[in-house]
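Number of protein chains: 2
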Amino acid sequence: MSKHKIITISRQYGSGGREIGKKLAEELNIPFYDYKLISLAAKESGYSEELFTNVESKKTTNSLLFSLSSAANARGIFGKSLDDELFAIQTEIVRKVASEGSCVIVGRCADYLLQEDFDTIDVFIYADSESKVRNIMERKKLSEKEAAELVLLTDKRRAAYYNYYTDRKWGRVENYDIAINNSSGDADLAVQIIKSMVEHKWRD
Amino acid sequence: MSKHKIITISRQYGSGGREIGKKLAEELNIPFYDYKLISLAAKESGYSEELFTNVESKKTTNSLLFSLSSAANARGIFGKSLDDELFAIQTEIVRKVASEGSCVIVGRCADYLLQEDFDTIDVFIYADSESKVRNIMERKKLSEKEAAELVLLTDKRRAAYYNYYTDRKWGRVENYDIAINNSSGDADLAVQIIKSMVEHKWRD
Numbered sequence: 000m001s002k003h004k005i006i007t008i009s010r011q012y013g014s015g016g017r018e019i020g021k022k023l024a025e026e027l028n029i030p031f032y033d034y035k036l037i038s039l040a041a042k043e044s045g046y047s048e049e050l051f052t053n054v055e056s057k058k059t060t061n062s063l064l065f066s067l068s069s070a071a072n073a074r075g076i077f078g079k080s081l082d083d084e085l086f087a088i089q090t091e092i093v094r095k096v097a098s099e100g101s102c103v104i105v106g107r108c109a110d111y112l113l114q115e116d117f118d119t120i121d122v123f124i125y126a127d128s129e130s131k132v133r134n135i136m137e138r139k140k141l142s143e144k145e146a147a148e149l150v151l152l153t154d155k156r157r158a159a160y161y162n163y164y165t166d167r168k169w170g171r172v173e174n175y176d177i178a179i180n181n182s183s184g185d186a187d188l189a190v191q192i193i194k195s196m197v198e199h200k201w202r203d
Numbered sequence: 000m001s002k003h004k005i006i007t008i009s010r011q012y013g014s015g016g017r018e019i020g021k022k023l024a025e026e027l028n029i030p031f032y033d034y035k036l037i038s039l040a041a042k043e044s045g046y047s048e049e050l051f052t053n054v055e056s057k058k059t060t061n062s063l064l065f066s067l068s069s070a071a072n073a074r075g076i077f078g079k080s081l082d083d084e085l086f087a088i089q090t091e092i093v094r095k096v097a098s099e100g101s102c103v104i105v106g107r108c109a110d111y112l113l114q115e116d117f118d119t120i121d122v123f124i125y126a127d128s129e130s131k132v133r134n135i136m137e138r139k140k141l142s143e144k145e146a147a148e149l150v151l152l153t154d155k156r157r158a159a160y161y162n163y164y165t166d167r168k169w170g171r172v173e174n175y176d177i178a179i180n181n182s183s184g185d186a187d188l189a190v191q192i193i194k195s196m197v198e199h200k201w202r203d
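Chains G and C are the protein sequences, given in the same order.
All residue numbers in the first sequence are consecutive under numbering that gives the first Met the number 0, ending with 203.
All residue numbers in the second sequence are consecutive under numbering that gives the first Met the number 0, ending with 203.
Calculated directly from the structure, the hints in this document are not laboratory data.
Check the hints yourself; a few may be wrong.
It does not matter which identical chain is used: a pair holds within one copy or between any two.
Unchecked claim - In the SDA-like style, the derived pairs of lysine to any residue whose C-alpha atoms are separated by at most 25 angstroms in a straight line are:
hint	residue 1	residue 2
1	Lys139	Thr153
2	Lys21	Val172
3	Lys200	Asp185
4	Lys200	Glu43
5	Lys2	Ser130
6	Lys139	Val197
With the hints as constraints, model all of the structure from the sequences given.
This is the structure we're talking about:
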């Protein structure tokens with residue numbers, strides 16, 4: 000196991016998990032990777048950034064070939080659907096950034112992808128529906144009804160994506176070291192809690 | 000809402016949740032209630048302590064009458080099975096101790112019973128199977144096989160009990176403010192995390 004401090008953050012849509020990850024990375028003074036930055040890293044590695052557009056937003060249940068192979072073997076990119084190729088590229092990039100040094104990674108099934116070879120703290124951030132809808136109304140300038148639909152749909156897609164590419168169920172406590180209800184929207188409390196876990200795990 | 004600091008702890012069998020609750024109560028200098036102490040409180044209130052023996056260990060799926068009423072109305076004790084009467088008594092006692100002052104309550108569906116009238120921090124403590132089995136082998140002087148069976152059976156019963164008497168599913172993150180993986184067995188870290196939540200929630 001490497002001595003890098005790797006914190007993966009899985010999060011419900013509208014729960015504020017990305018903000019918590021970003022603040023945590025700032026406070027720990029380590030790089031922060033979300034979808035956009037993983038795509039950028041892929042581009043720097045020679046893959047087209049555009050390949051990644053909306054890969055996680057699509058349902059990925061139509062690849063018979065992939066479903067016959069295991070997600071753990073998804074690193075080769077031949078004989079698979081476009082979605083599966085993209086997942087394989089993302090897998091490589093997530094492993095690459097983790098092997099380069101300490102970092103915070105939001106989403107990308109990183110908790111699953113790094114479980115074998117990296118020592119990680121895996122966090123799940125969630126919130127009650129009311130709070131998520133309120134956040135998305137504000138962030139996306141949507142009506143309550145539109146925001147509620149988007150919250151439901153996005154989390155359904157995230158769960159489908161994760162459940163398809165891993166042998167786990169998204170949001171179940173057993174995947175994580177800690178699950179924090181961020182309904183209060185107080186990112187600082189969550190950051191403080193995760194920091195205390197980081198300090199405890201990687202104390203010398 | 001009362002200003003009492005009420006912390007409810009739900010826990011998988013062998014996860015060390017009871018120990019965390021006890022330490023937390025000591026550090027906060029507030030009373031700690033587990034099954035035994037709730038039974039004692041019931042006795043002091045005039046109920047027979049023996050009534051409570053093993054109530055949570057039995058499957059409680061045979062009361063048609065109860066399943067037709069709602070758990071929220073389970074405070075009357077007429078026309079219900081013995082299990083349901085015991086649950087109703089426990090409900091009263093859990094509410095009584097919470098209304099008396101700050102406390103830590105382990106188990107007893109307290110997270111559910113107090114949700115309407117009390118301001119609580121609801122915690123779920125879990126651990127991986129290996130760690131739970133190891134703890135129970137040691138605590139109960141059992142073989143690995145016996146301990147593994149007991150862990151599985153006890154959590155099945157806890158889930159059945161909770162799911163029967165509430166409209167929730169035991170162990171799902173949405174019931175709790177935080178869920179902590181205690182596989183490392185480091186009660187102090189969990190206590191520290193919960194304390195930081197307590198200080199944050201009830202800061203003046």
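For each hint given before, does the structure comply? Return the numbers of the non-compliant ones in rising order. 4, 6
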